[in-house]
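Next come the chains, spelled out residue by residue.
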Amino acid sequence: MFDINKVRSDFPILGTAVYGKPLVYVDNAASTQKPQQVIDSITDLYSNHYANIHRGVHHLSQKSTALYEGARETVKNFINASKVEEIVFVRGTTEGVNLVASSYLEPLLEPGDEILISEMEHHSNIIPWQLTAERTGALLKIIPLLENGELDLSALPDLLSPKVKLVAVTHMSNSLGTINDVSLIIGQAHGLGIPVLIDGAQSIAHMPIDVQKLDCDFFVFSGHKIYGPTGIGALYAKENHLLNMKPYQGGGDMILNVSFEKTEFNDIPYKFEAGTPNIEGTIGMAAALDYVSELGIEAIDKYEQELLAYASKRFSEIEGLQIIGTAPNKGCIISFVLEGIHPHDVGTIMDMEGVAVRTGHHCTQPVMDYYNISATTRVSLSFYNTINEIDEITRAIAKVKELMG
Amino acid sequence: MSELRELYQEVILDHNKNPRNFKKLELHSHHANGHNPLCGDKLELFLDVVEGIIKDISFVGSGCAISTSSASLMTQFLKGKSIVETRHYFEDFHDLVTGKELDEEALEGLGKLAVFAGVQEFPARVKCASLSWHTLINALDSVDEPAATE
Numbered sequence: 027m028f029d030i031n032k033v034r035s036d037f038p039i040l041g042t043a044v045y046g047k048p049l050v051y052v053d054n055a056a057s058t059q060k061p062q063q064v065i066d067s068i069t070d071l072y073s074n075h076y077a078n079i080h081r082g083v084h085h086l087s088q089k090s091t092a093l094y095e096g097a098r099e100t101v102k103n104f105i106n107a108s109k110v111e112e113i114v115f116v117r118g119t120t121e122g123v124n125l126v127a128s129s130y131l132e133p134l135l136e137p138g139d140e141i142l143i144s145e146m147e148h149h150s151n152i153i154p155w156q157l158t159a160e161r162t163g164a165l166l167k168i169i170p171l172l173e174n175g176e177l178d179l180s181a182l183p184d185l186l187s188p189k190v191k192l193v194a195v196t197h198m199s200n201s202l203g204t205i206n207d208v209s210l211i212i213g214q215a216h217g218l219g220i221p222v223l224i225d226g227a228q229s230i231a232h233m234p235i236d237v238q239k240l241d242c243d244f245f246v247f248s249g250h251k252i253y254g255p256t257g258i259g260a261l262y263a264k265e266n267h268l269l270n271m272k273p274y275q276g277g278g279d280m281i282l283n284v285s286f287e288k289t290e291f292n293d294i295p296y297k298f299e300a301g302t303p304n305i306e307g308t309i310g311m312a313a314a315l316d317y318v319s320e321l322g323i324e325a326i327d328k329y330e331q332e333l334l335a336y337a338s339k340r341f342s343e344i345e346g347l348q349i350i351g352t353a354p355n356k357g358c359i360i361s362f363v364l365e366g367i368h369p370h371d372v373g374t375i376m377d378m379e380g381v382a383v384r385t386g387h388h389c390t391q392p393v394m395d396y397y398n399i400s401a402t403t404r405v406s407l408s409f410y411n412t413i414n415e416i417d418e419i420t421r422a423i424a425k426v427k428e429l430m431g
Numbered sequence: 339m340s341e342l343r344e345l346y347q348e349v350i351l352d353h354n355k356n357p358r359n360f361k362k363l364e365l366h367s368h369h370a371n372g373h374n375p376l377c378g379d380k381l382e383l384f385l386d387v388v389e390g391i392i393k394d395i396s397f398v399g400s401g402c403a404i405s406t407s408s409a410s411l412m413t414q415f416l417k418g419k420s421i422v423e424t425r426h427y428f429e430d431f432h433d434l435v436t437g438k439e440l441d442e443e444a445l446e447g448l449g450k451l452a453v454f455a456g457v458q459e460f461p462a463r464v465k466c467a468s469l470s471w472h473t474l475i476n477a478l479d480s481v482d483e484p485a486a487t488e
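Top to bottom, those sequences are chains A and B. Quick note on numbering: the first sequence equals residues 27 to 431 in the working numbering. Quick note on numbering: the second sequence equals residues 339 to 488 in the working numbering.
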């Protein structure tokens, strides 16, 4: 059983008030709050172990290096990669996607080649491919959406062809909550020898991830969406891809030998980590992954699904409220529109009730275009939310209707 | 709730529900599109200016209550005003919603638009209130690109 009071007490910010009302934080798809364990890990690093990593022969440098490389091991275990060399630290999901676009895909592309993404992608899984396509003369192809927020995977066999050089899809939609059948996508793409990148920005915090079982070629996620610090994330890539990829950025730590005539690059994954990295972020992210592992991702998933079911039921009882994204397999995200009331007004009024929701297009403008709306109000839940909070949110929505009605 | 009542005053709610001058002007001398990419608010503004006076003004578009009512009240307010005055009112309105000190005369000059003083307590909403005004200035300057709220 999930001890919700114990869990909540781990997150100092959850005890704070907004405009005199207890904070109800349900903007978790944008970023999650941090447990004391993560905050302490960073304080401990700076108080006791900090120095620059690698190459330093002194005591502190070795301690910092051990913590930093230990974090890589933690990430590897969390997503069940087979080797630590397959984990590259990046600034976040966005940088991970850009790295794959620049270092893996771009050198392979010929004019007329295709990159297959989906209609529900976050802008960060659209623009890097668009830029790459523009530079190479490749084309962006789209797996279409269905009315309920699922992908129309019946279109997949027709979209996949030897022209497609990469498929990049989200595991879980940040605006609709839909969990995609990525195993099916990966299976079909691999049937034609096409590699697949999975955007795990949302899925990482809500369901068990096993990159070997998924057999994806690339998997990217951000630390701050799984209770860790901002500015850090990880790219998983199969070893054979990393070995063949060009460096991403040049700088210190990614080299073995440098002369003005020639540079010999470092081994993977260091070849992709130029410059002094985000040491505190990496260690903080590992502390966050340890925290989530301790709670158990299966237990988290089960509890969050209960919250989702209750919230979906309560919200759909509200007259004039329409949930956008009703796929049968969903993570704990509920986007909705209220008849005649703009999401920005909804967001401002709910905020005054202490409820932190996100309003807008959620960096998924093509999804908004599909539903012919400009914005939604999004409630994105976490394991630290409660049934009682969902009642509070429901009351806040009633207040919105009362004030704007 | 008092700040909310201050923001969503009756007159704002009324103009949101029943925006005035909400149509396209077939005959117009100036025209501009406004867009707030952050929230997707869009509006299109039409002006018929004759000898430096705004003879007619209208808008169409979709947005939140603050941006819609601001556009509606602005069109009502500016009809019959001169271009020179209008540019002054833009400055005064901008000061009003961003919480800058306004002297009594300027505040009085804004008439009904003073209801938007509540916006200064909500920094995230300043752009909603000022979108129509930025679009107006673009129309007068005859800039063809959509007005941004930056």
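The set of hints was computed from the structure by calculation and includes no laboratory data. Please note: incorrect hints may appear among the correct ones.
[Stated by the list, open to error] Straight-line distance between alpha carbons at most 27 Å, and here's what the computed DSS-like set of lysine-lysine pairs gives:
#1 K361/B x K438/B
#2 K380/B x K427/A
#3 K393/B x K425/A
#4 K450/B x K427/A
#5 K438/B x K393/B
#6 K272/A x K167/A
#7 K355/B x K393/B
#8 K438/B x K419/B
#9 K264/A x K32/A
#10 K288/A x K102/A
#11 K272/A x K339/A
#12 K427/A x K355/B
These figures come from a predicted structure and were not determined experimentally.
The hints, checked one at a time:
1. K361/B x K438/B: 33 Å, violated
2. K380/B x K427/A: 23 Å, holds
3. K393/B x K425/A: 41 Å, violated
4. K450/B x K427/A: 25 Å, holds
5. K438/B x K393/B: Violated: K438/B and K393/B sit about 30 Å apart, past 27 Å.
6. K272/A x K167/A: 25 Å, holds
7. K355/B x K393/B: Given pair K355/B, K393/B holds - Cα atoms ~25 Å apart, limit 27 Å.
8. K438/B x K419/B: 24 Å, holds
9. K264/A x K32/A: Answer violated: K264/A to K32/A is near 38 Å, above 27 Å.
10. K288/A x K102/A: Not OK: K288/A and K102/A at ~33 Å, beyond 27 Å, violated.
11. K272/A x K339/A: 50 Å, violated
12. K427/A x K355/B: Roughly 13 Å between the alpha carbons, so the hint for K427/A and K355/B holds.
Hint violations for this structure: numbers 1, 3, 5, 9, 10 and 11, all remaining hints satisfied.
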